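Novice: So the protein lines, in turn, are chains F and A.
Take 11 as the starting number for the first sequence in my numbering and just add one per residue.
Take 41 as the starting number for the second sequence in my numbering and just add one per residue.
It should be emphasised that the hints constitute simulated quantities derived from the structure, not laboratory data.
Every value quoted in this text rests on a predicted model; they were computed, and no experiment measured them.
Mixed in with the good hints, there may be bad ones.
[To be verified] Distance ranges between label pairs, derived from CB positions:
1. F/Ser255 with A/Ser161: 50 to 56 Å
2. F/Val240 with A/Arg149: 31 to 37 Å
3. F/Leu206 with A/Asp153: 51 to 57 Å
4. A/Ser184 with F/Val65: 35 to 41 Å
The C-beta atom is built at its ideal place from N, Cα and C for all residues, glycine as well.
As a plain string of letters, each chain reads:
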Amino acid sequence: MISYIGALTVSGLQELGSMVALARQTISEVGERFSKHRSPFRLEHFFYQCDRAGVGSVPMVVLLSVFVGLTMALLTGYQLRIFGMVILVPAVVSVSFTREMGPLFTGIVLASRIGAAYTAELGAMTTGGEVDALEGMGLGARRYLVTPRFLAIFLLTPCLAVISILSGIFGAAFISSLMLQISYGFFLDQVMTNLLVKDVLAGVVKSFLFGGIIGTIACYKGLSVKGGAVGVGVATTSSVVTAISTVIVCDSLCNIFIITFFP
Amino acid sequence: MSKQTMVEMRGVKLRFGEKTVLESVDCSISAGDVFVIMGLSGSGKSTLLGILLGLLKPDAGSVKFKGMELTGLARPKLNDVRTHLGMVYQNAALISSMSVSDNIRLPLRELSDKSAKEIESTVELKLKLVGLDEDKDKLPSELSGGMQKRVGLARALALDPELVLFDEPSAGLDPINGKLINDLIIDLRKRHSVTSIVVTHEMEGAFAVATRMAFLHEGKILLVGTPEEFRNSGNPVISAFLQSYSTHEKSKG
């Protein structure tokens with residue numbers, strides 16, 4: 011058991027080291043392009059990745075968030091009703107969605123939807139020799155492939171998190187008006203009263219972090235694929251599992267940090 | 041007048057784990073040559089191309105391109121050198137999500153200072169050179185193996201490299217497509233003075249295109265010489281290699 015944990019820790023640290031190396035190499039290739047007065051990536055590639063990661067994920071994020079918000083309000087409302095505190099539902103849902111649920115669900119959706127796609131396509135390119143071909147041309151394969159993907163997911167995760175928060179609050183307001191006799195006006199008023207700027211900031215900062223984690227893991231796993239089609243499958247599964255686990259662990263650490271230093 | 045030395049390898053060694061792939065490789069390739077490297081499968085021929093392109097780092101030895109040492113070269117410099125080299129991969133290695141013309145356009149847009157108009161005319165020129173100007177909008181998956189290799193060649197030539205590396209250019213192709221690729225290699229040397237290194241184990245193509253040849257065996261180069269010197273070689277390994285090929289050809293005929 012101890013040796014298993016030890017081996018797992020060593021392999022985890024090795025993977026972390028390789029991810030740092032990938033990030034360092036990508037940054038160095040970007041710097042190389044700047045020094046030659048060339049753009050590090052093509053804007054059309056960046057916008058294409060933004061469309062995939064951002065616009066393409068909106069329906070899924072909205073759907074998931076509306077129903078989670080709705081369920082959360084319903085369950086919280088029925089419990090709070092016992093104590094005659096049903097008016098706390100808007101505050102509970104809005105604060106928890108802004109600080110926690112919105113960024114977390116967005117991270118999970120993106121890790122499984124976009125992270126998996128990044129890993130699979132980069133993995134297929136690696137096994138097909140396309141990455142080596144790009145490198146052999148002197149293009150800087152990491153810069154060319156990783157930069158637009160990483161930036162797209164890094165910059166759009168907070169935007170999607172905001173959409174998730176608004177959708178969750180809307181779902182909660184809808185069910186509250188329907189089943190808990192809380193009007194939309196009162197719900198909105200309570201949200202505005204209880205939601206603080208630091209809650210919004212905490213959610214947005216966490217979202218940037220989650221986007222960065224998902225992008226790094228997905229690209230790293232894709233570019234380190236070995237073993238053909240089976241290898242791509244293994245890497246894709248590993249990418250999703252690692253990204254979701256890391257996002258959840260990171261979320262908990264962020265919460266501890268925020269509660270400790272910004273109570 | 042002596043020709044300029046394009047590539048020089050001295051004492052190149054490479055191991056993958058316990059396996060020694062290259063023991064000590066020495067050879068030099070002059071400008072304008074079509075230098076064919078032959079050898080059995082798994083003898084390290086393609087590995088040599090990987091080293092030359094900077095994709096693999098040798099454990100020891102020196103690799104020079106036009107007098108510039110490539111081993112230990114910093115990435116930006118290495119990428120500069122790579123723009124003077126073109127590589128045609130065994131599996132073509134085209135970007136599968138891009139059309140034929142986009143594949144050729146890629147190095148031009150990313151690495152050259154050409155205007156959009158110049159890029160378009162270069163793409164057309166290179167596609168015409170390999171006889172695929174009608175297929176420019178197709179995806180690589182819509183092309184045959186031979187056509188993919190020709191697109192790979194057009195992409196390799198996009199930046200007008202001084203040295204083109206061919207990894208098994210006619211492997212897996214029918215005789216007509218194999219000959220087409222070989223004719224293109226000869227044409228490049230004659231009309232465009234391009235130096236080529238061709239890695240192959242197909243004898244017919246090798247003797248058709250080579251101006252000089254080398255035989256790689258167990259990590260070492262056994263012989264470097266002209267095709268004629270190869271045919272008359274008394275080296276038992278090379279003789280056996282040539283013999284087995286001619287026996288195979290006779291049995292086919």
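Novice: So, for every hint listed, does it hold in this structure?
Specialist: Results of checking the hints against the structure:
1. A hinted range of 50 to 56 Å for the beta carbons of F/Ser255 and A/Ser161 is consistent with their spacing of about 52 Å.
2. Checking the proposed 31 to 37 Å range against F/Val240 and A/Arg149 shows it holds: the Cβ atoms sit about 35 Å from each other.
3. With their beta carbons about 53 Å apart, F/Leu206 and A/Asp153 fall inside the hinted range of 51 to 57 Å.
4. Taking 35 to 41 Å as the suggested C-beta distance range, the pair A/Ser184 and F/Val65 conforms, at roughly 37 Å.
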